[in-house]
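Undergrad: Below are the chains, spelled out letter by letter.
4 protein chains.
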Amino acid sequence: MYRRRVEFAETDAAGMVHFSMFFRYMEESEHAFWRAAGLNIWESGENLSWPRISATFDFKAPLKFQDEFEVHTEMGAVTRSTIQWNHTVKRGDVIAGAGSVTAVCVKKNADGSMKSAEIPGELISRLRRAPGA
Amino acid sequence: MYRRRVEFAETDAAGMVHFSMFFRYMEESEHAFWRAAGLNIWESGENLSWPRISATFDFKAPLKFQDEFEVHTEMGAVTRSTIQWNHTVKRGDVIAGAGSVTAVCVKKNADGSMKSAEIPGELISRLRRAPGA
Amino acid sequence: MYRRRVEFAETDAAGMVHFSMFFRYMEESEHAFWRAAGLNIWESGENLSWPRISATFDFKAPLKFQDEFEVHTEMGAVTRSTIQWNHTVKRGDVIAGAGSVTAVCVKKNADGSMKSAEIPGELISRLRRAPGA
Amino acid sequence: MYRRRVEFAETDAAGMVHFSMFFRYMEESEHAFWRAAGLNIWESGENLSWPRISATFDFKAPLKFQDEFEVHTEMGAVTRSTIQWNHTVKRGDVIAGAGSVTAVCVKKNADGSMKSAEIPGELISRLRRAPGA
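Residue numbers (my numbering), protein chains in the order written: chain A, 431 to 563; chain B, 431 to 563; chain C, 431 to 563; chain D, 431 to 563.
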């Protein structure tokens, strides 16, 4: 469970958090999930990288400047080369929204091109055993 | 049709546009669509505002620093108080991705609370007649 | 002292934190300083607001994704209506950079215009007594 | 001269452009300056890169959502390995603010480390001859 506070630069002229920020909040929480599993998404395996292939969010209640909120994150569907991350953003008992991001495991070639790759089994095991998972 | 270039601050350490930016690109293009219709989303009617209730994007190909791209935007489903905006992001003939954002028309009360409101008919008519619509 | 971690969206294609982010880090730390003083910059007095009038930063060493860093913040020169905030950003013992932001206390009029205002004396006293000040 | 419009995500809950955005506007205009000179800062020479070593901005008048503005950019002091870029941001005849960013030319080594490098003379000549320079 990832927790932090809304910063001023994250709000917009409507007085609430800009909707695009929730996609950053989901990513921040996913990266915290990796760390809780003792892993580092940035060094998750030789030349492996995790671009996002889809992202969706439903907005329920606004967050405002200095609101404290939590992102509850869990792994959803896992395929050979993709992980779906499901997130719920809460301010106290109020659900600010919920969404999902699917990332694909790719191997970067020397020429900079990327090709989808099989997710190492050990990595999935460790993510499944993460605290909070 | 909205066109611009990728700015450096929009890229991330993976060397491509951060995935959350595509949600900003969609919004920029929607706002340009309003302007093309001779409208201003920010002054679209007395105390009307347009918070987003859902957003989704599928990522197909990366955009990189200084890439020129276009966002093709059209109105999708329209209900009493919501408009769905559908967007395709292209770099030349390459589809970088496609997504959709649904906004709800709300009326702001004096106390700051918001209530969904019927979209003025004249406003929908003008959006439907927008150049490029 | 404000502490957090570099998030992925804050990096750029050069593989380090984008230089504009340091201005956000300074602001985040200033707002934390207000909170440590038991104050809320957003509700610091009737119709008072604190736009920035100047900001400067010198960059010494890059921060990278997931780096933990601290911002050390202290009040510098205080005038009738301005406060200068001085900040040093550190990663462990390494100074990533240092800068300063000057904010002016303004009173918002009913028509939306702003006029510089005298900073309430009690507010300065409480900021001077803040933990870490 | 670089011209664009304020986007919604660039505003904050005070109803104006967040102060950190002006540093991005300055960078966008600098990169446009390079392009106007027929150059590409991202491929300005073998393994050359241009991290920023200092940045400063004085804020004079707010920019708001959908305001059109211009950034007037010119080269200031040039040393063996640094270029100072001076910028003025204007909305019509109103000066929104002015600032300066100094970038250092560095050579990236194979191990990722960076060392300041002499700016190629031909590059400076072309920047000096840029339209608008």
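Don't take each hint at face value.
Claimed, not checked - Only pairs whose alpha carbons sit at most 20 Å apart, straight line, appear in this in silico SDA-like list of lysine to any residue: (1) B/K494 <-> D/R454; (2) B/K538 <-> D/A444; (3) C/K494 <-> A/G475; (4) C/K545 <-> D/K494; (5) C/K494 <-> A/E458; (6) D/K537 <-> D/T509; (7) A/K545 <-> B/K490; (8) C/K494 <-> B/K538; (9) C/K494 <-> A/W464; (10) A/K494 <-> B/V536; (11) B/K545 <-> A/W464; (12) C/K490 <-> D/K494; (13) A/K545 <-> B/G445; (14) D/K537 <-> D/R559; (15) B/K494 <-> D/A444; (16) D/K545 <-> C/I525; (17) A/K494 <-> C/G475.
Said to hold, decoys possible - Per the computed footprint, the stretches of chain C lying under chain A, defined by three or more beta-carbons under 8 Å from a beta-carbon of chain A, are: (18) 435–442; (19) 526–537.
Since the hints were made in silico from the structure, they are not lab data.
Here a beta-carbon is modelled for each residue, glycine too, at the ideal position from N, C-alpha and C.
Undergrad: Does each hint hold? Answer for all of them.
TA: Verification of the supplied hints:
no. : hint              : in the structure
1   : B/K494 <-> D/R454 : holds, 17 Å
2   : B/K538 <-> D/A444 : holds, 17 Å
3   : C/K494 <-> A/G475 : holds, 18 Å
4   : C/K545 <-> D/K494 : holds, 18 Å
5   : C/K494 <-> A/E458 : holds, 15 Å
6   : D/K537 <-> D/T509 : holds, 16 Å
7   : A/K545 <-> B/K490 : holds, 13 Å
8   : C/K494 <-> B/K538 : violated, 42 Å
9   : C/K494 <-> A/W464 : holds, 17 Å
10  : A/K494 <-> B/V536 : holds, 18 Å
11  : B/K545 <-> A/W464 : violated, 39 Å
12  : C/K490 <-> D/K494 : violated, 33 Å
13  : A/K545 <-> B/G445 : holds, 16 Å
14  : D/K537 <-> D/R559 : violated, 24 Å
15  : B/K494 <-> D/A444 : violated, 32 Å
16  : D/K545 <-> C/I525 : holds, 18 Å
17  : A/K494 <-> C/G475 : holds, 19 Å
18  : 435–442           : holds (count 3)
19  : 526–537           : violated (count 0)
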